[in-house]
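Chemist: Sequence:
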Amino acid sequence: MSGTHRLPRPITNSTEDTDVLGLRVVSPSTRGGVANRGWRGFSGAVAAGLVVLALVVLGLQVLALHRGYPGPGYGFVALHLGASVVAVGLQAYADRSARSARWWAPVLVVLVAGWLLWTGWWH
Numbered sequence: 005m006s007g008t009h010r011l012p013r014p015i016t017n018s019t020e021d022t023d024v025l026g027l028r029v030v031s032p033s034t035r036g037g038v039a040n041r042g043w044r045g046f047s048g049a050v051a052a053g054l055v056v057l058a059l060v061v062l063g064l065q066v067l068a069l070h071r072g073y074p075g076p077g078y079g080f081v082a083l084h085l086g087a088s089v090v091a092v093g094l095q096a097y098a099d100r101s102a103r104s105a106r107w108w109a110p111v112l113v114v115l116v117a118g119w120l121l122w123t124g125w126w127h
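Those letters in the sequence shown? Residues 5 to 127, by this note's numbering.
Rather than coming from a laboratory, the hints here were simulated on the basis of the structure.
Do not take every clue at face value.
[As the list claims (entries may be wrong)] Per label pair, the in silico range of CB-to-CB distance:
1) 41 with 71: 38 to 46 Å
2) 107 with 60: 25 to 33 Å
3) 64 with 105: 16 to 24 Å
4) 67 with 123: 22 to 30 Å
5) 77 with 42: 35 to 43 Å
6) 72 with 42: 45 to 53 Å
7) 115 with 82: 15 to 23 Å
8) 86 with 126: 12 to 20 Å
9) 107 with 80: 26 to 34 Å
10) 104 with 46: 13 to 21 Å
11) 125 with 70: 19 to 27 Å
12) 111 with 55: 13 to 21 Å
13) 114 with 85: 29 to 37 Å
From the three backbone atoms N, C-alpha and C, an ideal C-beta is built for every residue, glycine too.
Please build the complete structure, drawing on both the sequences and the hints.
Modeler: Shown next, in the form of structure tokens:
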């Protein structure tokens, strides 16, 4: 045994896998019922909508700069980009996490979208 080191064996009897980010991947049979999947699907659509809205606002800012107009402003663009990054991160966490995050992460996605629309557009 001099000079040789044994590497630890991978655990083969584990039913849990992890993805690239180290989040636990839950098998489709344990992801919850139809209502839970529907809720996560709705929040995924909201997160995707926030990404599209952020890209539109960013495009308007770039277009305004090229035409000599003030545009929506860098703060407004940063607010939208930040909210979309947070929403997509929460949605990814909800899609790949354990039971408790299946309901609170989508709720936070919808709350982030509501906060963005309230502070950025209606308030």
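Chemist: Run through the hints listed earlier and report the numbers of any the structure violates, in increasing order.
Modeler: The structure breaks hints 3, 13; every other hint is satisfied.
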